[in-house]
Amino acid sequence: MAILEVKNVNKRFGGLQALGDVNLSVEENSVHAIIGPNGAGKSTLLNCLVGKLTPDTGSVMFDGQSVLGRKPYEINQMGISRVFQTPEIFGDLTVMENMMIPIFAKRDGAFRMHAIESTANEKGVIEQAESMLEDMSMIDKQHMHAAAMSRGDKRRLEIGMCLAQEPRLLLLDEPTAGMARADTNNTIDLLKQISDERNITIAIIEHDMHVVFSLAQRITVLAQGTPLVEDTPDKIKGHPKVREAYLGESA
Amino acid sequence: MFGLNKKDFNLFLIVIALTMLAPFILNPFPAGSGMAQFNAGYPDLMQRFVIFGIFAIGFNILFGLTGYLSFGHAAFLGVGSYGAIWMMKLVTLNVIPAIIMGVIVSGVFALAIGFISLRRSGIYFSILTLAFAQMSYALAYSVLTPITGGETGLQIKPTDRPIFSNLEEGEIGRANLFGLDMRSSYELEVGNWAFTFNTGYYIAAIVMILAFYLSIRIFRSPFGTMLRAVKSNQTRMNYTGLNARPYTLAAFVISGMYAGLAGGLLVAMDTQVGPERMFWTASGEVVLMTILGGASTLIGPVLGAGLIKYMENILSKINKDILHQWFAFLPDGIEDFLVTIVYPFIGKGWHLTLGIIFMAVVIFLPGGLVEGGKRFMDFVKRKKSKTPPSDESAQSTPAE
Chain A
1 MAILEVKNVN KRFGGLQALG DVNLSVEENS VHAIIGPNGA GKSTLLNCLV GKLTPDTGSV
61 MFDGQSVLGR KPYEINQMGI SRVFQTPEIF GDLTVMENMM IPIFAKRDGA FRMHAIESTA
121 NEKGVIEQAE SMLEDMSMID KQHMHAAAMS RGDKRRLEIG MCLAQEPRLL LLDEPTAGMA
181 RADTNNTIDL LKQISDERNI TIAIIEHDMH VVFSLAQRIT VLAQGTPLVE DTPDKIKGHP
241 KVREAYLGES A
Chain B
1 MFGLNKKDFN LFLIVIALTM LAPFILNPFP AGSGMAQFNA GYPDLMQRFV IFGIFAIGFN
61 ILFGLTGYLS FGHAAFLGVG SYGAIWMMKL VTLNVIPAII MGVIVSGVFA LAIGFISLRR
121 SGIYFSILTL AFAQMSYALA YSVLTPITGG ETGLQIKPTD RPIFSNLEEG EIGRANLFGL
181 DMRSSYELEV GNWAFTFNTG YYIAAIVMIL AFYLSIRIFR SPFGTMLRAV KSNQTRMNYT
241 GLNARPYTLA AFVISGMYAG LAGGLLVAMD TQVGPERMFW TASGEVVLMT ILGGASTLIG
301 PVLGAGLIKY MENILSKINK DILHQWFAFL PDGIEDFLVT IVYPFIGKGW HLTLGIIFMA
361 VVIFLPGGLV EGGKRFMDFV KRKKSKTPPS DESAQSTPAE
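Protein sequences, first through last, are from chains A and B.
Numbering-wise, the working numbering puts 169 at position 169 of the first sequence, and it's gapless, one number per residue.
Numbering-wise, the working numbering puts 37 at position 37 of the second sequence, and it's gapless, one number per residue.
Treat the hints with care, as some may be off.
[Claimed, not checked] Once the Cα atoms are required to be at most 27 Å apart in a straight line, the calculated DSS-like pairs of lysine-lysine come out as: (1) A:Lys123 x A:Lys154; (2) B:Lys89 x B:Lys157; (3) B:Lys7 x B:Lys231; (4) A:Lys52 x A:Lys123; (5) B:Lys320 x B:Lys348; (6) B:Lys7 x B:Lys320; (7) A:Lys123 x B:Lys7; (8) A:Lys237 x A:Lys192; (9) B:Lys6 x A:Lys141; (10) B:Lys231 x B:Lys320; (11) B:Lys381 x A:Lys154; (12) A:Lys71 x A:Lys154; (13) A:Lys123 x B:Lys231; (14) A:Lys106 x A:Lys192; (15) B:Lys231 x A:Lys71; (16) B:Lys7 x A:Lys141; (17) A:Lys123 x B:Lys381; (18) B:Lys374 x B:Lys6; (19) A:Lys192 x A:Lys123; (20) A:Lys141 x B:Lys381; (21) B:Lys231 x A:Lys141; (22) B:Lys231 x A:Lys52; (23) A:Lys106 x A:Lys71; (24) B:Lys384 x A:Lys106; (25) A:Lys237 x A:Lys7; (26) B:Lys374 x A:Lys141; (27) A:Lys123 x A:Lys106; (28) A:Lys123 x A:Lys141; (29) A:Lys192 x A:Lys235.
No wet-lab data here; the hints were simulated from the structure.
Work out the full structure, taking the sequences as your base and the hints as a guide.
Encoded structure:
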């Protein structure tokens, strides 16, 4: 069953057709990669899914509900979490606080005025945050300021924060961009583990073919705003059109 | 204790001790001595310390936690004052309803202004709040003269007959708390020292302690964490299913209500109000107080408010004659030279001194006076740990 269904989505920026008739369907509990050369419209598509941009025409359905016209935080509350190209975390806060915030958001919704209660007394939330930090193997860093951590740790924390919300769909925008090989491999292992152990669908935008072919079960190739092919990794590797549009240049 | 952790509770106790003992602490010099002009322990100034402390604590809930720099906070102080004085003129001379009225009026006003201003962030937000505050000032100054008394402001007049009062014909009503006059004082003389215990001051001080306690609770609550999250990264906040707007609006209204509380107290202490209370320099002053003391720290804004009010009232009173007295022991030429050098920084020139202190703090101590205190403590600790401790006890007494 498709958890995310994108139909005939068009998006223009002035004279530029960023997305032209994009159709995409992501199966539940799969890892789906979207690849394509620079300027293919990958990020535009992602922004249309999370509410940052609104497509000119077409529909985006998540779990049978349209996401169009909703704000990013509303879409997130529906069950879509997003990991950014450069880790977006709360740099001034401690790692522990970073992890507690999504758990509060999950429990209390988009806004709750709990101004008199003490954070230290939120035992349930603290326990959940601790167990998630343990899963991310960063419990020893819980009192650190998030901004002081390495790039790889920030990425881990961001993914952990997204997981703490127990999303149904996790969107990743080039999660290994600018990472050292070791960090990249760690991230691949982490994502594999997530897709194996948790009930989460993953959609990933990626440049790094190594990452794409070690993770994805299905791949959509985007070129000039239009999906070229959608298939399994093995078939994509040998596809002549893909080689021409994308792999021919870089691989 | 009281739902505070040990460190916060200790800080709270220190604040209680400082405010309750302020008449002693602020009057360290014997009356009549040459240094007596540095005594700040007179009721009017002590009241200002705690009232502007409340104002700055409230401002810090918005600026320190969410990072939204409001440049029009004096408008809420002024509106609160107008609300309070009308309560006194019309309903009762008891200060409690007046103060409550001030808080409510500012809260409603802050809700309206915040709703519009918070559509923007950064410099645009600051400019919007500044514009609203200046508009409020202009309205109070001229257009709304029937309500605000225009340029001269509002006072309690002999003709005012509040509903719940039994004033005699022609008697001017005085602010009171269940019959306790705000202006009544008890003088204690110990040797050459004179200490004044003023009813109004103690009422304002108790209100400040409560306001301070509430701010600690807000800082340590999940709501406080969310406000810091707004300051840290709004993008992540949006993509974590949190709506930043109601959080910032709530912080804005709370901080507006703190300003209203301060405005109401100002009226309770001294039953008059004028539009200059809403002028933009007054809005700037609370920004200075907060940054000088240490934004987003608990105690910083109170310290900043204290320092600025002290300088405004004490430094500005020093005049040329006093300077000549100080330097009288020097040869004439040098005396005149020194007086000429120092003179621009005192009296009416106290703003110059404030400006220099402010620049020094921002450049060398970006965390404000609180950071200065922390660095000093660290320095003392390091000095202690350099000399090898001779026994256990030396090690277990850190200068915390």
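Hints versus structure:
1. With a CA separation close to 25 Å, the supplied pair Lys123 of chain A and Lys154 of chain A stays within the 27 Å bound.
2. Proximity of Lys89 of chain B to Lys157 of chain B is assessed by CA-CA distance (about 8 Å); at most 27 Å being required, the pair is judged to hold.
3. Among the hinted pairs, Lys7 of chain B with Lys231 of chain B is consistent with the structure: their alpha-carbon atoms are about 24 Å apart, no more than 27 Å.
4. Between Lys52 of chain A and Lys123 of chain A the alpha-carbon distance is near 34 Å, which puts this suggested pair outside the 27 Å criterion.
5. Of the pairs offered as hints, the one joining Lys320 of chain B and Lys348 of chain B holds, with about 11 Å between alpha carbons and a cut-off of 27 Å not exceeded.
6. Restraint check for Lys7 of chain B and Lys320 of chain B: not satisfied, since their Cα atoms lie roughly 46 Å apart, outside the 27 Å limit.
7. The hinted pair formed by Lys123 of chain A and Lys7 of chain B meets the criterion: a straight-line CA distance of about 20 Å does not exceed 27 Å.
8. Restraint check for Lys237 of chain A and Lys192 of chain A: the C-alpha separation of about 21 Å stays at or below 27 Å, so the hint holds.
9. Taking the CA atoms of Lys6 of chain B and Lys141 of chain A, the gap is about 23 Å. The hint holds against a cut of 27 Å.
10. At most 27 Å may separate the alpha-carbon atoms for a hinted pair to count; Lys231 of chain B and Lys320 of chain B exceed this at roughly 47 Å.
11. Taking the CA atoms of Lys381 of chain B and Lys154 of chain A, the gap is about 33 Å. The hint is violated against a cut of 27 Å.
12. Using a Cα cut-off of 27 Å, the hinted pair Lys71 of chain A and Lys154 of chain A holds, with the two alpha carbons roughly 25 Å apart.
13. For the hint pairing Lys123 of chain A with Lys231 of chain B, the CA-to-CA distance comes to about 25 Å; that is within 27 Å, so the pair holds.
14. Of the supplied pair hints, the one linking Lys106 of chain A and Lys192 of chain A holds, its CA atoms being roughly 24 Å apart against a limit of 27 Å.
15. The suggested pairing of Lys231 of chain B with Lys71 of chain A holds, with an alpha-carbon distance near 20 Å, which does not exceed 27 Å.
16. Straight-line distance between C-alpha atoms of Lys7 of chain B and Lys141 of chain A comes to about 22 Å, which keeps the hinted pair within the 27 Å bound.
17. For the hint linking Lys123 of chain A to Lys381 of chain B, the alpha-carbon distance of about 35 Å lies beyond 27 Å, and the restraint is violated.
18. For the hint pairing Lys374 of chain B with Lys6 of chain B, the CA-to-CA distance comes to about 18 Å; that is within 27 Å, so the pair holds.
19. Distance check on the hinted pair: Lys192 of chain A and Lys123 of chain A sit about 30 Å apart at the alpha-carbon level, beyond 27 Å; violated.
20. For the suggested pair Lys141 of chain A and Lys381 of chain B, the alpha carbons sit about 26 Å apart, so the restraint of at most 27 Å is met.
21. Taking the CA atoms of Lys231 of chain B and Lys141 of chain A, the gap is about 22 Å. The hint holds against a cut of 27 Å.
22. In summary, the hint linking Lys231 of chain B to Lys52 of chain A is supported, as the alpha carbons are separated by about 20 Å, within the 27 Å threshold.
23. Distance check on the hinted pair: Lys106 of chain A and Lys71 of chain A sit about 16 Å apart at the alpha-carbon level, within 27 Å; holds.
24. Restraint check for Lys384 of chain B and Lys106 of chain A: the C-alpha separation of about 48 Å exceeds 27 Å, so the hint is violated.
25. A threshold of 27 Å between alpha carbons decides the hint, and for Lys237 of chain A with Lys7 of chain A the separation of about 25 Å falls inside it, so the pair holds.
26. Restraint check: the Cα-Cα separation between Lys374 of chain B and Lys141 of chain A comes to about 24 Å, which is no more than 27 Å; the hinted pair holds.
27. For the hint linking Lys123 of chain A to Lys106 of chain A, the alpha-carbon distance of about 15 Å falls within 27 Å, and the restraint holds.
28. Proximity of Lys123 of chain A to Lys141 of chain A is assessed by CA-CA distance (about 19 Å); at most 27 Å being required, the pair is judged to hold.
29. With a C-alpha separation of about 21 Å, the suggested pairing of Lys192 of chain A with Lys235 of chain A holds against the 27 Å cut-off.
Hint violations for this structure: numbers 4, 6, 10, 11, 17, 19, 24, all remaining hints satisfied.
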